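Chemist: Sequences listed follow chains U and C, in order. Heads up, the first sequence is in our numbering, so the first residue is 1 and it goes up one at a time. Heads up, the second sequence is in our numbering, so the first residue is 1 and it goes up one at a time.
Hints are supplied without guarantee of correctness; some may be wrong.
The list treats identical chains as one, so a pair stands whether inside a single copy or across any two.
When the alpha-carbon atoms are kept at most 25 angstroms apart in a straight line, the in silico SDA-like pairs for lysine to any residue are as follows [claimed, not checked]: (1) Lys113 - Tyr139; (2) Lys234 - Ile307; (3) Lys259 - Glu351; (4) Lys57 - Ala43.
In case anyone wonders, no lab produced these hints; they're calculated from the structure. Keep in mind the model is a prediction, meaning the values are calculated, not measured.
Protein chains: 2
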Amino acid sequence: MGKGLTNRSENYSQWYNELVIKADLAENSAVRGCMVIKPYGYAIWEKIQAQLDKMFKDTGHVNAYFPLFIPKSFLSKEAEHVEGFAKECAVVTHHRLMNDPNGKGVVVDPAAKLEEELIVRPTSETIIWNTYKNWIQSYRDLPILCNQWANVVRWEMRTRLFLRTAEFLWQEGHTAHATRQEAEEETVKMLNVYAEFAENFLAIPVVKGVKSANERFAGALDTYCIEALMQDGKALQAGTSHFLGQNFAKAFDVQFATKEGTLDYVWATSWGVSTRLMGALIMAHSDDNGLVLPPKLAPTQVVIVPIYKGEEQLQAISVKAREIKEKLENLGISVKYDDRDTQKPGWKFAEYELKGVPVRLAIGPRDLEEGSIEVARRDTLTKETMKIEGIETVVKNLLETMQHDIYQKALDFRASHTVSVDTYEDFKKHIENQSGFVLAHWDGTSETEEKIKEETKATIRCIPFDAAEEEGACIYSGKPSKRRVLFGIAY
Amino acid sequence: MGKGLTNRSENYSQWYNELVIKADLAENSAVRGCMVIKPYGYAIWEKIQAQLDKMFKDTGHVNAYFPLFIPKSFLSKEAEHVEGFAKECAVVTHHRLMNDPNGKGVVVDPAAKLEEELIVRPTSETIIWNTYKNWIQSYRDLPILCNQWANVVRWEMRTRLFLRTAEFLWQEGHTAHATRQEAEEETVKMLNVYAEFAENFLAIPVVKGVKSANERFAGALDTYCIEALMQDGKALQAGTSHFLGQNFAKAFDVQFATKEGTLDYVWATSWGVSTRLMGALIMAHSDDNGLVLPPKLAPTQVVIVPIYKGEEQLQAISVKAREIKEKLENLGISVKYDDRDTQKPGWKFAEYELKGVPVRLAIGPRDLEEGSIEVARRDTLTKETMKIEGIETVVKNLLETMQHDIYQKALDFRASHTVSVDTYEDFKKHIENQSGFVLAHWDGTSETEEKIKEETKATIRCIPFDAAEEEGACIYSGKPSKRRVLFGIAY
């Protein structure tokens, strides 16, 4: 199998695009900006979904489903929401086609124009709060802790598989609370769920923090986020959790009778992650040979490849290989035994490297005699001959070690690609070199933030929750600052 | 809790509509024809999904995701497909909104008109076969066994929650094969999966058969279906599996190199079930007190209600109730202990009857003394006082019994509501009385089928696979017929 992947060092962006295609994760479709998620890519997404869904349910949430379409007028009900959002979107104007009276094919039936246009949801706050209005009368109806797994559409001009597509898959949580405090706690709780998922499953370390006003979700009082660093030194926002205050409740007139007998508007949060996480997963760990997948999210965790000449050898090896497969499966490990005779072992090795299968076991006639087996790790590309006896425990432990090591490697990378700078000169140098996260003092104003963005393309990724209080001067304006914020070039 | 459900005998249709709303399954949204699936309804759908997904994977299928939008021109590529389908659909014509220059709110930006309109998928054969074209070169690339869980939109004029909505959720399998035989086998295999699911999980007996040419899916050579009988004597098509021949391969020019080195068009199937199954589930079993859910699909299988006066009694009961809950959960049973002090036991009883929780356990101070507990069955509305000791095994067995009994009841109902008739007079009488399925001879022509439909509204639900060969005369034309076909009034 000729992989022919561009090297990361040569052209990171091209490496990414090729890898997504060659590893059979996704491809562009006939519809501009919309992707096809191929079975192998979708199998990873299903693992992401299953784990997140479990974490949402463990924190008391339930799933529901709201309409794909949003009446156009809904979008303008929350002033900031429509200002900052929702302009580039798919607009449904008609509800019928007809045979073309002038020839072949079909045309839009002009008689079937909708009275009010419908927007394909770019996010669902408006339609959901319009629904919650009927669900909430009293404090007894609160909290509402709903999540939705859905597709959404934002008409992006420049698209890239998984990272930015017109249609993408995501989950959006929408919760309703009786008090400000409870809603704020929910916002933080879900950010922590995202961070835990990113670190323990995606094996990607993230910085938790709050967005500056400029980068806030349209309609939110505060946007919390997790920010990850990719191997090319760029930052990727991997999840957001919004404290929406009473904005949507006011826009859709959702009031409730409090315990004390007064009327108040409901407090809201929303939070989401999307198929963009697939992009983060690919970019954070993979190498010039292909995907590197953390074992917890790998659709196939172990592949067994027989090395043989002739049917007789294959049969003898297969008996042993199937034994090993069964033992591994009994430990909850997903295993593929690839005994195809249409491909050579070398081709298979390259193929599974490209697909990021964490552990490869190879077994030949001599191994059979000696009771040995070759164990290869995808992350380090190292291999070792080991005893077959007890190999299932060795592999189980190895998968855990790899999950940890892949995270640690990303953590080390981030540590060595995060700098603190105190002058604008240094700041620009680091940003130009695309050397990673830059921690710097900022005077807290949108003007400064915009100037820095104009001049360097760097944006404030977040104000980290764990930023230490520290007296300093803004790198741009020299005005006083109390803590460093996290800058980076964003995906 | 005042249920105030209309009785089935009074107005079946109104009973259904009220039940869907009152049991918190779904509701109409602000968007015409689009429903909101509420958390309780969605929890049932998740159980349906999980089980079907497992059955698809066990039969070798994988999931993938294809675009929401279909270029308008794709729809006309398969002539019969566009003829029989896809006229009433949501059409996207623009990709941007703008602030209204004449006032408040937003309007469609006329400058953002799409070159080619996009159709929100009513079904995905066209976009998927356009994709498969790039996936298939040789027989080695076959079979492709993909399934997709997705939302689809068909602009229905008269909608009813779950049964017929403009947007609905479904799965659509799309497979590609090297031979006609393999594709035909796949079509039947998936119909059998649907039938097994309907009978073993939904607890609904179904008739498996093939559609007449009139009722065939647009573009298919054959449509197989499962047909179920509802309590009002109407038939509901619960799932379809289509043998598409080479029609879509020809329309999208998908050829492959055969083993023999020739070029041939690929053979196709598609198959789907939707949130309509929720409608079938509700209508097949429920009664005038509310939902009746087969235990295998009930989000909560057992509810425990304490009967108490004062905090002290509640505490004593709660200790025992939590013990029972844990024992049940250890057997894999989902249990809710409802110790809310805001509602009386009677209210709770009615609520859980309405929601169809299969088993209710009630426990009071006297039960504690005597080591007894009241066990109530939702399906029969019977109750019995039993020993607490070993109650977990009793309940586990009871749930299995109920799953079986609910199916058996539906089977008995169908048996007593299926008649064989030999004259058109008898036929019309039974159809008018809406007394269920009618088995009758038919001459095999579309003309006769259409006449019967015009005159009686009855349609051929299917030609059952198990219809015995039997010489007869068509009830309408008197022409010879070799087997009876299944007629009914369809949802």
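Chemist: Let me make sure I understand: some of the numbered hints might not hold for this structure. Which ones are they, in numerical order?
Modeler: 1 and 2
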